[in-house]
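Q: Residue numbers (the working numbering), protein chains in the order written: chain F, 1 to 220; chain P, 1 to 196.
FYI, nobody ran anything at the bench for these hints, they're computed from the structure. Among the hints, erroneous ones may be present.
Some but not every residue of chain P turned toward chain F, in silico, with C-beta under 8 Å [what the hints assert, rightly or not]: (1) Y36; (2) L39; (3) R127; (4) F151; (5) S163; (6) L169; (7) R179; (8) L180; (9) S187.
Which stretches of chain F does chain P cover? Using the computed rule of at least three CB atoms under 8 Å from a CB of chain P, they are [what the hints assert, rightly or not]: (10) 8-18; (11) 48-61.
Ideal placement from N, C-alpha and C gives every residue a C-beta, glycine not left out.
If you want the building blocks of each chain, they are given just below.
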Amino acid sequence: MGCDRIADEGLQADKVDVLYGEADVEARARLEAHLRSCAACREEMSGLAGLRRDLRAWRRPAARPTLADRGLVVPHWLAAAALVVLGLGATLGTLGYVSLRGSLSAQEARAEELDRRHREAVAALQAAVARPPAPQGADAAALRASLDARIDERLRATEARQGERLELRLADWEERLEAQRRIDMARVAAGLSYLDGRHGQQLARTNELVGYVLEASQKR
Amino acid sequence: MGRSDEELVEACQAGESSAFDLLVARWEDRIRGACYRFLGSEEEARDVAQEAFLKAYRAIGGFKREARFSSWLYQIATNLCRDRLRRRRTRATVSLEEMEETGGAIAETRPRADERLLQDDLARVVRRAIEALAEEQREVLILKEYEGLTFLEIAQALDVPVSTVKTRLYRGLGQLRQRLEREGVRSAAPVPVPAP
Numbered sequence: 001m002g003c004d005r006i007a008d009e010g011l012q013a014d015k016v017d018v019l020y021g022e023a024d025v026e027a028r029a030r031l032e033a034h035l036r037s038c039a040a041c042r043e044e045m046s047g048l049a050g051l052r053r054d055l056r057a058w059r060r061p062a063a064r065p066t067l068a069d070r071g072l073v074v075p076h077w078l079a080a081a082a083l084v085v086l087g088l089g090a091t092l093g094t095l096g097y098v099s100l101r102g103s104l105s106a107q108e109a110r111a112e113e114l115d116r117r118h119r120e121a122v123a124a125l126q127a128a129v130a131r132p133p134a135p136q137g138a139d140a141a142a143l144r145a146s147l148d149a150r151i152d153e154r155l156r157a158t159e160a161r162q163g164e165r166l167e168l169r170l171a172d173w174e175e176r177l178e179a180q181r182r183i184d185m186a187r188v189a190a191g192l193s194y195l196d197g198r199h200g201q202q203l204a205r206t207n208e209l210v211g212y213v214l215e216a217s218q219k220r
Numbered sequence: 001m002g003r004s005d006e007e008l009v010e011a012c013q014a015g016e017s018s019a020f021d022l023l024v025a026r027w028e029d030r031i032r033g034a035c036y037r038f039l040g041s042e043e044e045a046r047d048v049a050q051e052a053f054l055k056a057y058r059a060i061g062g063f064k065r066e067a068r069f070s071s072w073l074y075q076i077a078t079n080l081c082r083d084r085l086r087r088r089r090t091r092a093t094v095s096l097e098e099m100e101e102t103g104g105a106i107a108e109t110r111p112r113a114d115e116r117l118l119q120d121d122l123a124r125v126v127r128r129a130i131e132a133l134a135e136e137q138r139e140v141l142i143l144k145e146y147e148g149l150t151f152l153e154i155a156q157a158l159d160v161p162v163s164t165v166k167t168r169l170y171r172g173l174g175q176l177r178q179r180l181e182r183e184g185v186r187s188a189a190p191v192p193v194p195a196p
């Protein structure tokens, strides 16, 4: 048997108020009074309470970390700008990496070249160390004689050069001495001339005085 | 003791933008949850929730504080979800199974395998039944059943009278019950009302 108030919106409101715990005392009393006499509504309320329990089966997926956890709200344009900056950074990073790789390659080539030269120098030294031993006997005497002759020749050449240098220096000194001698002679001559001049003036004055004396005596 | 929503809103309107971060931290999960129920996709829900907070941030200067901040926030999110659902309807119909991929039940108490299977089945049936409701009934049901808003808050969020909210909920529950019974789910629970 159905309820004759099934379309009563007031009763409907009381039902949802009670179902969700928002009914005041009056609403609860009204509904209780109705349910005591209405089996259909009792069955309906029981079914709705069970329905609410079934509705809890639908749950949200596990929550993921969100921006709100950090107290941030990022607008789309900011996210796009961040992507652009990231892209630019990645490009610069790539270019820098390529450039660095090029520089490293050049350095590696230079290092290899130096290493190659070093190996060649070491090989040459090893070859020099591994030369055959010096000759023995007559060959050695001839070699020593040859060496002595070369040393004598070098010594003579050195003495000749030293002799030439010594002569040149002596000639130079002689020139300097001659020049100094001339200078000194000139200075002496100049000094004598001055003395001669002074002496001549003195003599002239003496003669003049003598002349005055003679003249005075003659007058007397 | 943290500041109330009203105090944080007032601070935002006074230029303290960091106060909005606190509001986001407080409400982001619940708004995202509601969006997930409306849209059936966690990814979309995250986008829409973020968009809702952006809209709220831009408009908070004009918020009159006649309604609660949370109701206003739910209103923005609900409108954005409605737009999404409308756009989705005009495009290709989204497969329900596809939507359910991200909507599996997460058991908090680790039920046994057979229980989990039954629970997953029930969750799928419930979800289909809710999806089949009229939009206005679904909104009310989600905001009440899953988000725990009061009738007054729902009325403010949807900008309808409280009586309308109750009527929509009552009808939505009735339809859900019928659908679930058709799917073979028939359960009852004791009601705290004395028998005659």
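Q: Hints first: check each against the structure and report whether it holds.
A: Status of the hints after comparison with the structure:
About 6 Å separates the beta-carbon of P:Y36 from the nearest beta-carbon of chain F, less than 8 Å, and the hint is met. The closest approach between the C-beta of P:L39 and any C-beta of chain F is roughly 12 Å, which is over the 8 Å cut-off, so the hint fails. With a least beta-carbon distance of about 5 Å to chain F, the hint placing P:R127 at the interface is held under the 8 Å criterion. With its C-beta approaching chain F no nearer than about 6 Å, P:F151 sits inside the 8 Å limit, and its interface hint holds.
Checking P:S163 against chain F by beta carbon gives a least distance of about 6 Å; that is within 8 Å, so the hint holds. Taking 8 Å as the C-beta cut-off, the interface hint given for P:L169 holds, the closest approach to chain F being about 5 Å. The interface hint given for P:R179 is broken, as the beta carbon of that residue sits about 10 Å from the closest beta carbon of chain F, more than 8 Å. About 6 Å separates the beta-carbon of P:L180 from the nearest beta-carbon of chain F, less than 8 Å, and the hint is met.
Hint status for P:S187: holds, given a least beta-carbon distance of 4 Å to chain F, under 8 Å. Judged by the Cβ-Cβ criterion of 8 Å, the region 8-18 of chain F is covered by chain P as claimed, because 7 of its residues qualify and three suffice. Given a C-beta distance limit of less than 8 Å, the hint that chain P covers the region 48-61 of chain F holds, as 13 residues qualify and 3 suffice.
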